Each structure stands twice: as structure tokens, then as C-alpha cells.
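Chemist: What follows is the residue order along each chain.
There are 2 protein chains.
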Amino acid sequence: MQDIRIERTTQPRQKPDMATVRFGRSFSDHMFLMNYDSKNGWHDARIVPYGPIPMEMASMVFHYAQEIFEGLKAYRTAAGKIQLFRPEENIRRMAQSADRMGMPAVDEDMFLEALKTLIRVDESWVPEMKETSLYIRPFMIATDVALGVHASDSYLFCIITCPVGSYYPEGINPVKILIESEDVRAVRGGTGYAKCGGNYGASIRAGVKATRQGFSQVLWLDGVERKYIEEVGAMNIMFKIEGKIHTPALNGSVLPGVTRKSSIELLRAWGYEVVERQISVEEILEAARDGKLEEVWGTGTAAVITPVGSMTYKDETLVIGGGKIGEVTRRLYDGLTGIQWGTVEDLFHWTVPVSK
Amino acid sequence: MQDIRIERTTQPRQKPDMATVRFGRSFSDHMFLMNYDSKNGWHDARIVPYGPIPMEMASMVFHYAQEIFEGLKAYRTAAGKIQLFRPEENIRRMAQSADRMGMPAVDEDMFLEALKTLIRVDESWVPEMKETSLYIRPFMIATDVALGVHASDSYLFCIITCPVGSYYPEGINPVKILIESEDVRAVRGGTGYAKCGGNYGASIRAGVKATRQGFSQVLWLDGVERKYIEEVGAMNIMFKIEGKIHTPALNGSVLPGVTRKSSIELLRAWGYEVVERQISVEEILEAARDGKLEEVWGTGTAAVITPVGSMTYKDETLVIGGGKIGEVTRRLYDGLTGIQWGTVEDLFHWTVPVSK
Ligand SMILES: Cc1ncc(COP(=O)(O)O)c(C=O)c1O
Ligand SMILES: Cc1ncc(COP(=O)(O)O)c(C=O)c1O
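Protein chains in written order, with the working numbering: chain A, 3 to 358; chain B, 3 to 358.
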């Protein structure tokens, strides 16, 4: 494995006030960089001060969006230790994204070492306040300076981090979701299961429309029939119907969320039945009308477990659980965050210590 | 309209040898830049030396591919004059792309003025050799320094140019096309009609696979049924069957090509019947087997009119027109390029002079 060269900043950045910090706006002192080209493979692994990099305007990433990313967090436990949550899942997913986008994967051990080393260097940036963490954004961009659509020969892999509070400025209150019936985010055979920029770019217009109408996020339907529920903007979604939990299956157009997977494992360990299957929007509307839809929540690294208070489809709005947080939603939130912040025993061995 | 500030280079770049130049690898001396933010709108229009720009790694474009582009060309006529080909079509399409991606449009007059001014400044970069032109790449990227998926508040609009020869190193020989049956590029409700980076990123893996197998480009099928023909990597496609010309209709997932539109107009003016409709791959295979498929060609700014010599679908390869250039393909190529290089009268008023 390559050594990681470390160049420490001489001008430490101002740390944000964690009570008011906005998600993804304040970056830590350092970033990890590593270059790839087909001749040399991955090389020049280094940690340098966070700051701008000169980019030629003909760089492929600006034109053809050959770009992928990940999102995970480092947590500071009550004992002051720092830990990651299932980083190997993000590392593996990034390799899958790379494959879909014709990009090279990063060696798994190197990736984990890069994460740990960067967080150790920026240890003081892992916040202590309740509900806060260090959001970690690994990403890879195509850097060939060339027009003409092709697989880039050169790439930059980068990890930046930022201390974050709760994803929703309002805290863990139930959110209002708009079921999008026109724009489509992903389709079978497309890039839905990959964490590539294009999926998110395609989703922005619908997000803006939803926000203007007072919704927090958009729920996407499948691209083929526009009938089956896929996922929310930055979360997978789960429904509790008559005591059982239902969630859309990983069909190739849904992102395989780490929080989704962990939630399913936790729920099953607690004795809940969890079904992964195709779920039509009609079925959910029906269950809600009949009073059988007991809870709805989203799962995601940034958003953790987010209760869904209402869902709007075309002209119909369904209020779920009287707009209050449901029992399983709350239990999942406490269970997961408990493991993440080290207040609940990590029976699944999900956490990975960062400190040496 | 804003004034364009011009800062000329003091270190002119080396011009490439036009006999061997690769597409999109040599850039002219200058580029046009203009910034947007929601408070000031578009501002600071300027032409500066081509060169790298410092970019923060948290810039939105690297993560969520909120990025769109265009492609058009400037041609030098035998009389030495420089002209653009239907730039208003590209300007309008870029506004449509911007709308789909939740981005601000560039004022049409400003856009045209930027194109003309930049090409005047880099006049010496418009090549003279036969079959060469100056490829122009306007594009817009999201520049907010913020994670969290949202519509960026700030954007950079940029125009870079490069002298190019023929798109295909082999010249105007019939190309081999692979009909892609697994990966999907675009779907109804998605971003297919927009010229956004994500569409191209999604297409790269299939392109690599096709190239490895000796094909020149991939032909995409629709995302819903994977049955109907949409377009080629960087071209729209046309079929001549028993004297009539057929091309996929603009259904929302196909890029509305300027060369496609111009070809249809030319063909109709010449008395050909052109039908825009849904075309299944089965129908084309059938026509080919029955000897009714007379010609196939692609249309695109970079690739102009490209004869398709063979199409491969799963295990079947169809050779078209004995692998030679068809009569209509040749006539279209000559007709279009004749107008573009000023050797044929521009009856449609498609060209726009750049020289004052
Ligand atoms: C589209 C989408 N779905 C689901 C998720 C949830 O995935 P994870 O739990 O791995 O964060 C995310 C975000 O991370 C996402 O962007
Ligand atoms: C996907 C795609 N289809 C079609 C075209 C042809 O469009 P135009 O004739 O405007 O260049 C292009 C390229 O320009 C393209 O990228």
C-alpha cells in the first residue's frame, strides 16, 4: 500500500458554531487527494490543506459528468473516541459506482487508510455536541483535458469533510414528502444504483418545485411505469403497514443505502418482519386511506432516520401517524444513533475505530 | 446588454498541425467566462486567456453534475470569411437544458455576442484546411461551494474552442454501430432531451465496451421497453427504407439535434419524404434482412453526416449498403458541409457571419 504524504496547514480554518452550522458548508482543514492514470495507476496519495485546485475548463468532469461520490460520517463517542460507521459498505458501493461509470476503483485498504488518516489529522474537527458528527465526502472526478465523449484516462480521488449538525434545520420532526409524477430520476439499465452526479443533477428541478410548495423532499417513482415507489431524494424509504415493515427492493434503480441495510438488520434482530419488494404508490395510498399505514420513515447517512409526516401525490395528501413520530421510527433512530455515538452496545460490529 | 471585457493573452499557444490534430485536445488562446448568482444575475462577461481556474473541491458541479453544454462550429469559407451554423438553435437548446436542470438561462443576445466576440478574438484559430473547423463548446457549471443536494445559487458560463479536423480519425468511412441492449442512457421524464453531463456519463461504460469490440459507437434503445431506437452516442440516426427516410421522433429522451433538424429540412426541400416516428429495432432488423434498408446515417455537429456501415444487435450483424456510403448520405454530407463552408448557396439563411 502507498504511503500517504501529509502536508499540514499553517493557517487553520475557523471552526463553525455547531449550534447553527449549515449542512455541508464548513470544511475541515485538510483534504485527501490521490491521482490515477492508466499508466501509473493510483499514485501520489496525500493529505493537504483544504483549498482550491486549478482545473482546466476542458476537464471531462465539467462536460460529461464522469463523477461519483460517497457519504459517511465519523462520530465522537462520550468517551472521546472517534469511530466510523460501516465504512467498508461505502467503499464497496463506490467500487460499484465506479464500475457503472467506467471509472477505476480505489483499492479497499487504501481507501480505509485514507479515511482514517485524514480524520486523525483533522481530529479536532470531529464535533462533540449532541447529534453532531463529521460528514465525510469521498468522490472521484474525471480529469482528462479533452472533449469528445470517452472514458477519461486520468482521475482525481478526493476526500473532504465537514462538521455537521442535524440534516434538517428543524430537527427530527416529521417531514412532508411530494411524490413526483413527472420527472424521473432513474430507470432500470440506467445509473440509479450508482452514486453518480448525474442522478442528482436530474433530480434538482423537482426538488426546487417541491421546496417552493413547502415540501421537504421528493419521492421518486420508477422510470418505466411511474407507478412503483423507489426512494426519496437522499434517503431510502420504509413503510410500516399493520405491524410489518415494507421497503422497495434493490432493483437496480434504487441506491442501496447503508442506513437502509442497517435498519433492516436491526429491525429483524428486534423481531420485526421486513419485506423487500415492489411497492406501488396506489397500494400505499390505499393502506393510508384504510388507516393501515402506521409509520413511514426515510433512512440515510445525512438524514439518519427521518419520520415522514405526510405524503402528497397529485391532489391527495395523506397524513401519517397524525403527523407525529411513530414508535418504530423513534426506536430505529435511537438504536442506530446509539451505536453510532457509542451509547448502545455495537452487537453487529458496525463501528470501526479511527484512533490508533 | 453587458459589455464584454477582453484581456488578451501575452503567451499565444502553439497551433496544432491540422492534418493530425485530435478532436477536442488543442484549445485556442482565449475563453469566454461569465458568472451568475441569484443576487446579481449574469455579470462579469469577459474574454481571458485559456487556462486553469482554481475550483474548490466542494463545488457542486463535482458532486451533483448540475452542468450542461452545447457544441457548434465556426467555419472559414473559401473567401476567408468566418461563419456560424444556426447558433440560435444551440442557444435555444441550451436554455431548454438549463430549464431541465434547474439552472438559469443565458440571455440569447448576450450568448450570440459572446460567441462572435470570442471567435473574432481567436480568429487565427479558425483553420483553413479542407474539412476543418473551429469546434465551440459553451457550457455552464454549478459553482456553489456546498454539499447537500440543492439548486446552486451560483454558476459559471464558459465558452472554449478548439480547431478540429474530422471527428473520426478514419475520415468519412462507414462506421460500425453496436445496438446496446443492457445499459440505458435516458428515459421519458428523465434528462434525455437535455444536453447535460449526466447523460454522457451514463453512456461511457457501454461506449468502452463497444470500442473494445471494434465498434465506433453505441446505438441506444428507449429506457422503458428497450425496444425502440433512440440515437447514437453523439448523433441522431436516420434510415432510408425503400426510398423513404425514417428517424426517431423527438419523444423527450432523444436529443433534438441541430444537424437532424437541418437534414430533415434539406431532405424535404429535395423532395424526399421524411417520417419522424417511433421505430423499433425489430423493424429495422426486418427491413435489413429483406434488403429494404438502403442507407443508415448519423447526424451531429461533431460527426456531421456519418454513414453507418453495419449495425450489430445481440448476435446479429447487419451490413448496410455493402458497407459503402449511400447516395443520400453523400448528398446530405455535401449539401450540409457545402452550406457550412460556403461553397453551396445558403438558401435557408442558416449561416451567421462572425466577421464585422
Ligand atoms: C438517492 C439516495 N438514496 C438513498 C440514500 C441513503 O443511503 P445511505 O444510507 O447509504 O446514506 C442516499 C444518500 O446517502 C441517496 O443519495
Ligand atoms: C446524444 C446526442 N445526440 C445527437 C447529437 C447531435 O446533435 P447536433 O446535431 O445538434 O450536434 C449530439 C451531439 O451533438 C449528441 O450528443
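Honestly, the hints are just simulated from the structure, not real lab data. Every value quoted in this text rests on a predicted model; they were computed, and no experiment measured them. Mixed in with the good hints, there may be bad ones.
Pairs involving identical chains hold if they fit within one copy or between any two copies, as the list cannot separate such chains.
Below are the DSS-like pairs computed for lysine-lysine, each with C-alpha atoms no more than 30 Å apart in a straight line [as the list claims (entries may be wrong)]:
| id | residue 1 | residue 2 |
| --- | --- | --- |
| 1 | Lys211 | Lys17 |
| 2 | Lys229 | Lys178 |
| 3 | Lys17 | Lys41 |
| 4 | Lys41 | Lys178 |
| 5 | Lys211 | Lys41 |
| 6 | Lys326 | Lys118 |
Chemist: Within, between, both or neither: how does the pair Lys17, Lys41 come out at a Cα-Cα threshold of 30 Å?
Modeler: Answer is between; shortest inter-copy Cα gap is 27 Å, intra-copy 40 Å.
Chemist: Can you give me the call for Lys229 and Lys178, within, between, both or neither, at a CA distance of at most 30 Å?
Modeler: within (20 Å within a copy, 38 Å between copies)
Chemist: Cα distance capped at 30 Å. Does Lys211 pair with Lys41 within a copy, between copies, both, or neither?
Modeler: For Lys211 and Lys41, the Cα distance is within 30 Å only across copies (20 Å; inside one copy 46 Å).
Chemist: At most 30 Å between C-alpha atoms: does Lys211 with Lys17 qualify within a copy, between copies, both, or neither?
Modeler: Neither: 33 Å inside a chain and 47 Å across chains, both beyond 30 Å.
Chemist: I want to check one pair: Lys41 and Lys178. Are their C-alpha atoms no more than 30 Å apart within a copy, between two copies, both, or neither?
Modeler: Intra 50 Å, inter 29 Å, cutoff 30 Å: inter-copy only.
Chemist: Given identical chains, is Lys326 near Lys118, meaning Cα to Cα at most 30 Å, within a copy, between copies, both, or neither?
Modeler: neither (38 Å within a copy, 59 Å between copies)
Of the numbered hints given earlier, the model fails hints 1, 6; all others are met.
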